[in-house]
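Chains A and B, in that order, give the protein sequences.
If you count the first sequence from 1, position 14 lands on 14 in our numbering, and the numbers rise without skipping.
If you want our numbering, it's the position in the second sequence, counting the first as 1, plus 1000.
If you are wondering where the hints come from, they were derived from the structure by calculation, not from laboratory data.
Where hints are given, some of them may not hold.
Stretch-level coverage of chain A by chain B, calculated; a stretch enters the list once three of its residues show a Cβ under 8 Å from a Cβ in chain B [as the list claims (entries may be wrong)]: (1) 65 to 72; (2) 81 to 88; (3) 119 to 128.
In silico DSS-like cross-links for lysine-lysine, where the CA-CA straight-line distance does not exceed 30 Å [as the list claims (entries may be wrong)]: (4) K1101(B) <-> K52(A); (5) K1083(B) <-> K1124(B); (6) K52(A) <-> K1165(B); (7) K1165(B) <-> K1052(B); (8) K1132(B) <-> K1083(B); (9) K1101(B) <-> K1083(B); (10) K52(A) <-> K1132(B); (11) K52(A) <-> K1083(B); (12) K1101(B) <-> K1124(B); (13) K1124(B) <-> K1165(B); (14) K1124(B) <-> K1052(B); (15) K1132(B) <-> K1101(B); (16) K52(A) <-> K1052(B); (17) K1099(B) <-> K1124(B); (18) K1052(B) <-> K1099(B).
Just so it is clear, CB atoms sit at the ideal spot from N, CA and C, and this is done for glycine as well.
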Amino acid sequence: MELTKWFSKFLPGNKRAIIFLVDIMIALFIVVLILSFSVFSISRSETSPSSKLQAHRLGQDIFAVLDYTDSLRTFDQITIRSTIDTLLPLGYSLDFTIICNNRVYDSRQDVSSDFVFSGERVFIDEYFHACMVRYWIWLA
Amino acid sequence: MYRKGQLFSLDFIGSVVVFVLILTGIIFFWNIYTSRFNAQLERETLTFQLVKISDLLVENPGIPTQWNETNVEVIGLVSSDRKLQVDKLSSFMNVTYDKTKTLFNIDQYDFYFRIVDVNGAFIKANGQFIEKGAFPGTAEESIVTIRRIVLYGTHKVVLEISAWK
């Protein structure tokens, strides 16, 4: 009691309430900071890098096989599209553009903005022109 | 004097209870997210490892180039990029399960390997189905499967490799 009285000389009026409020604000700030960091870390970890890696390999595989079976070389758009549809696993979508000398074929319709992986492959067409196919893969 | 002390004590107890409740909640959620994070990290690591293994299998002829089950140092199943070679598939089937795990550097995991057509039907090489290892049970929670598209002759086939702990 004596001590409180002694302290009250230095803390008159509502200063105690102010200190309490500052205490709460600092505590809340720290809690919010920790929670924000946790949520940020979790949201980052949910966009798995391995799914990007698998999409990358999927695109490489599909267009390598199309190249080795001469479907790309002949610019046969129907065969290319049907082969892609056959090889593409469920849940994935793929669009592509082939640029070949003065010929261009663009299959792009609705490339989703959610997690898109894109890649390229260079090949030689039947007239020995250097051509390029660019593709976009996303999770449907 | 006594009453003021009591008020202080209630104040203190109340704040301690709130603090302990919040701390317990934070520790509880921290533990949950830590275990989830560790499980995901392990899964990611295994996925990366399987992707690298599948790269070796479908892009390289192996070491030595004409390897067999006795002299194999690095397993590769193709004659050239993404073109499977029947002899190598046969040799691969003859390498023991444990030796394969060691060569793949996945000693702590079990794995299952198979080659199927695009509809999921098994492919045969020299009269036997191309599969290796035990098919994972449904109880295995964290199975990672990598699928690669390759050419088997003129056929487009799917090489699948799965691993789990």
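Results for each hint:
1. 65 to 72: holds (count 3)
2. 81 to 88: holds (count 3)
3. 119 to 128: Coverage by chain B is violated here, the residue count being 0 at a Cβ distance below 8 Å.
4. K1101(B) <-> K52(A): holds, 26 Å
5. K1083(B) <-> K1124(B): holds, 16 Å
6. K52(A) <-> K1165(B): holds, 23 Å
7. K1165(B) <-> K1052(B): Judged against 30 Å, a Cα distance of about 18 Å means the pair holds.
8. K1132(B) <-> K1083(B): This hinted pair holds, its Cα atoms lying about 19 Å apart.
9. K1101(B) <-> K1083(B): holds, 23 Å
10. K52(A) <-> K1132(B): Holds. K52(A) to K1132(B) sits at ~27 Å (cutoff 30 Å).
11. K52(A) <-> K1083(B): holds, 24 Å
12. K1101(B) <-> K1124(B): holds, 22 Å
13. K1124(B) <-> K1165(B): holds, 28 Å
14. K1124(B) <-> K1052(B): The given pair, whose Cα atoms are some 25 Å apart, holds under the 30 Å limit.
15. K1132(B) <-> K1101(B): Cα-Cα ~11 Å, so holds.
16. K52(A) <-> K1052(B): holds, 14 Å
17. K1099(B) <-> K1124(B): Holds, at about 23 Å.
18. K1052(B) <-> K1099(B): holds, 18 Å
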